[in-house]
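Residue numbers (our numbering), protein chains in the order written: chain A, 1347 to 2226; chain B, 53 to 150.
Incorrect hints may have been included.
To be verified - Distance ranges between label pairs, derived from CB positions:
| hint | chain 1 | residue 1 | chain 2 | residue 2 | range |
| --- | --- | --- | --- | --- | --- |
| 1 | B | LYS106 | A | ASP1601 | 52 to 60 Å |
| 2 | B | GLU70 | A | LEU1355 | 16 to 24 Å |
| 3 | A | ARG1412 | B | ASP98 | 30 to 38 Å |
| 4 | B | GLU114 | A | ARG1433 | 28 to 36 Å |
| 5 | B | ARG129 | A | LEU1355 | 39 to 47 Å |
| 6 | B | ASP98 | A | MET1389 | 17 to 25 Å |
| 7 | A | LEU1408 | B | LYS106 | 28 to 36 Å |
| 8 | B | ARG129 | A | VAL1798 | 54 to 62 Å |
Unchecked claim - A few chain B positions that, by computed beta-carbon distances, are all more than 10 Å from chain A:
| hint | residue |
| --- | --- |
| 9 | ALA59 |
| 10 | LEU69 |
| 11 | ASP84 |
| 12 | GLU93 |
| 13 | GLU121 |
| 14 | GLY140 |
No lab work stands behind these hints: they were computed from the structure.
Please read these numbers as outputs of a predicted model, since none were measured by experiment.
No residue lacks a Cβ here, since even glycine has one placed at the ideal position from N, Cα and C.
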Amino acid sequence: MTPSPTPRLIRILLRVGEWVVPRHRRGSWRRQWEAEVEHRRRMPGGRQGLARFAWGAVLHGLHVRRRETRMTGWTRELAQVARGLLRRPGFSLVAVATLAVGIGAASAVFSLAEALLLRPLPLPESHELVRVHSTNRERGHGWFSVSVPDFAGLEATGAFRQRSFYRIDPMDLAGGGDPLRIRVASVYDGFFETLGTAPTAGRLLGADDQRADAAPVALMAERMWVGRYGADPGVIGGTIRLDGRPHTVVGIVPDRGAWPADADIWTPLAWGGTPPEWADARSNHAWQVVARLADGLSVTEADERVRTWSRTVYADPDIDPRDVGTELLAVPLHSSEGGDDAGALFGTLGAAVGLVLLLACMNASGLLLGRGMARARELSVRAALGAGRARIAGLLLGETLVLALAGGALGVVVGVVGIGRAWEATPPAIRDLGDITLNPTVLLGALGISVVAALVAGVVPALKASRVPLAEAMKDGAAGSGSGRASTRFRRILVVGEVAFSLALLVAAGLAVTGFQRQLTTEPGFEAEGLLTFTVRLPQSRYPDDEAVDGVLGDALARLEAVPGVTGATATSRLPLGAGGFSLSRVFVFDDAPPPDGAEYPGSWIEVDEGWFDALEVPVVEGRAFEEGDRADAPLVAMVSRRLAAQMAPDGSVVGRRIRSRYDENLPRTVVGVVDDFQINGVARSVPNPVVLVPRSQSVRSSMAFLVRTSGDPGAVVPAVRSALADLDADLALHELRTLRDAHAADLAGIRFLTTLFGAFGTVALVLALSGVYGLVSLSVSQRTREIGVRRAMGATAGRVRRGIVRESLALGLAGVALGLGLAWVAARVLASGMDGVVIPEPVTFLVAGLVLTAGVAAGSWIPARRAAGIAPVDALRAE
Amino acid sequence: MVLHALARGHRYGFDILEQTGLTSGTVYPALDRLAAEGLAEAAWEDAEVAHAEKRPPRRYFEITALGKEALIEALDRYRALAPLTIDGVRYPGAPDQA
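Starting from the given sequences, assemble the full structure and let the hints guide the process.
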């Protein structure tokens, strides 16, 4: 017989069988079946029923798999436990759902923390990489950049093997398409060596590129190379223009492990080893420092050395007074991106989900307690058959673990995957913080959370249930045995605890939400409707001096005003709500009373045209606005915002006085007017920033923002605005082109997201607390059926029974509320210290939360109480 | 039955299947079980023999001394059962545990 190819169906069956067989048995299994099938096929008439024969391969495969699996004992036990739980689907579902809520919330926050703080960077030995920041707690500053002398001084700490620094600047890129505003990292010697980056193509920067006379070179981010140039290898060796200055592209930086991650281009600082004079000042904190730890040193040890060293440096009496109290610190590179705010945010979020998880565990604990009581007889049978207390407790804990794992799986699906989806829809400001994914770290975290939840929820009920007094439990009427004094006490503790913790969570959520609401309803202080905004940057190469800049801006404004639909256009150095421009905070003093006699006042410095006041509709509350006459050659003038005016002259008027700032070359300016407060930095700051306005004609910068007022929809004039400016200079890139209304909405979106989040925490807390109280009171009632029956038989009315049960629950609930108010007070203090807009005491929130929970407890006990009162005495006694 | 077939010199899966009339889904797991319990021994056929016959090498099973003991015990037990005739067919015993 000539062998013919094995039929397809047979091959599929063998493949399925092989897939079922555990991996280490596959080879032998396959050889056996190949031989058998071959033999069968060669038999006379052997092709008939061949498929049926081959089906045996699948069954055989299953058999092998079963045998292998059966060998481990604990999987069998686990399966047994799972089967037991499946027999009581109602109980199991409720328990799993309850735990899923807590574990899901905790896992979701953990996944966020993982994305932001824990995920290592794809760089060699990335755990050795750190960022060095400056900080100044005395002056209330978070993390900020490092000065070049401080960077040089780090050598003395011996904490780092390699280190370098960089600075990110926006620049205009020309070449390869429309002009584009990009982020350029200017890096110091040894930057890529410190990180250990390997180029995707071409080369990185070498020592020669850092020479002062080196030809300018640039590295391009992989995503820009692919996105803008279609990964054209010809880009390497080609020329791009950055702010008009030609650079040769010498290499591509991979997206994975690129630092800083949002840079589009890297260029060498090319200082030739010595920093220029302007950069070499201790008070010029302008540089981001990356470093690699010295061998064997931990981040904590390095941090300690850096802090100690910096404290000595800044203890020098000759230090700039504004730098007193500055300290340097080292943090892991991968967790430095979120900034120091991220830690505080996660502290709050972590505490909130911790409470949700605790509540969920307490609920599950109550359920398990009830289940243990209902199973008293089954458990005592086990005990009678020789199962020790440890074994019974182990069995119950095993059940809880299975429930928690199921809850954890559900929680991960709902929490992490759900949050991941929701993440896509969140405002970019929040989304940019990190990329949420379901990865092994998150899964491991969720597993850990589940196991902890199982222990928290399961230990007490398991220990209680395993202490069944044998003889009593075996007796008839055993249901009464579970309601022993100890169990009752535990049940009461649960009720009080649930109420207390949920009250704390409810109050905290309420405070956060009202705080956010306050921000949401804050008037921005300007009219956002009908305004189109964008910024342009005028490259120094083509606009070298103030005259050129002034000329092109004047032309641009004239062209913009000529666009149909545009009713006015004005230029400023800074747009409200964080869009574009500079937000230089400067310190001002009175010209006549400088420190140490006079005080100093920080404020944001904004250059504006005369048209600015009409465009934004910011009212002048005192003095006058800028006028045509406030030219460069006229006396220097300034205006201040109402808040700054109040700070500078609490009792009198600031108008007419002269102020100056060393950041304005100490030129005295006369304050000519006061404008109303407005939100320059967005509504997240509940208190408007102090602002100083100066006429643009008396201070020219090369970065300008435009405000264009339109009669209709500002979006409609965008093409005409673009072409008007392209006529002026085809290389000018328009950045952050948007309507002020959109900017305002985007600004609020982040707060809305947090409002929703905290609102959800509050709701979950309330639902968990109410369902928990309801379950525990029901449990207590069902356990006391006999007692209630006796009371009814002795003449107690239904109303009296009902009242008795509700009163007992209310007493517990009120105890919980009292304890909860204390907890809530602590939570509120913590919240208020870390969040703008949260004000304490806010008695309304406390009162409402307390009332809602008390009412909830009453309602939660009313239903079981009514059921108990409805029991006919005879039935109650017979039920036993 | 599988043990019985092995004892009679049938040495691989398909052969036993033919002999006993059991399905493939019964015979192969049974053979594994016998091997696991030490009642049978499995070995691969000499590759050269298989190659000469232009087929893949077979997995052969052989009854062990323990298997023989177990078989004798089982046969004794079944022999102890009274023979039975159902619908005209005479049954010397029910299928053994193998």
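Quick rundown of the hints versus the structure:
1. Checked against the hint of 52 to 60 Å, the C-beta distance between LYS106(B) and ASP1601(A) comes to roughly 56 Å, which is consistent with it.
2. For GLU70(B) and LEU1355(A), the hinted distance range of 16 to 24 Å is satisfied, since their beta carbons lie about 22 Å from each other.
3. The beta-carbon spacing between ARG1412(A) and ASP98(B), approximately 32 Å, falls within the hinted interval of 30 to 38 Å.
4. The hinted range of 28 to 36 Å is not satisfied by GLU114(B) and ARG1433(A), whose Cβ atoms lie roughly 46 Å apart.
5. Take ARG129(B) and LEU1355(A): their Cβ atoms lie about 41 Å apart, and the range 39 to 47 Å holds.
6. Roughly 22 Å separates the CB atoms of ASP98(B) and MET1389(A), a value that falls within the hinted 17 to 25 Å.
7. Hint check: LEU1408(A) to LYS106(B), Cβ distance near 31 Å, so the stated range 28 to 36 Å holds.
8. The given range of 54 to 62 Å is respected by ARG129(B) and VAL1798(A), whose C-beta atoms sit roughly 55 Å from each other.
9. Interface exclusion of ALA59(B) from chain A stands, the closest Cβ pair being 20 Å apart, more than 10 Å.
10. The Cβ of LEU69(B) does not lie farther than 10 Å from every Cβ of chain A; its closest approach is about 8 Å, which violates its non-interface assignment.
11. In this structure ASP84(B) is not separated from chain A by more than 10 Å, as the shortest Cβ-Cβ distance comes to only about 7 Å.
12. Its beta-carbon lying about 14 Å from the closest one in chain A, GLU93(B) satisfies the requirement of being farther than 10 Å from that chain.
13. Against chain A, the non-interface label of GLU121(B) holds: every CB pair exceeds 10 Å, the least being about 23 Å.
14. The beta carbon of GLY140(B) is kept farther than 10 Å from every beta carbon of chain A, the shortest such distance being approximately 27 Å.
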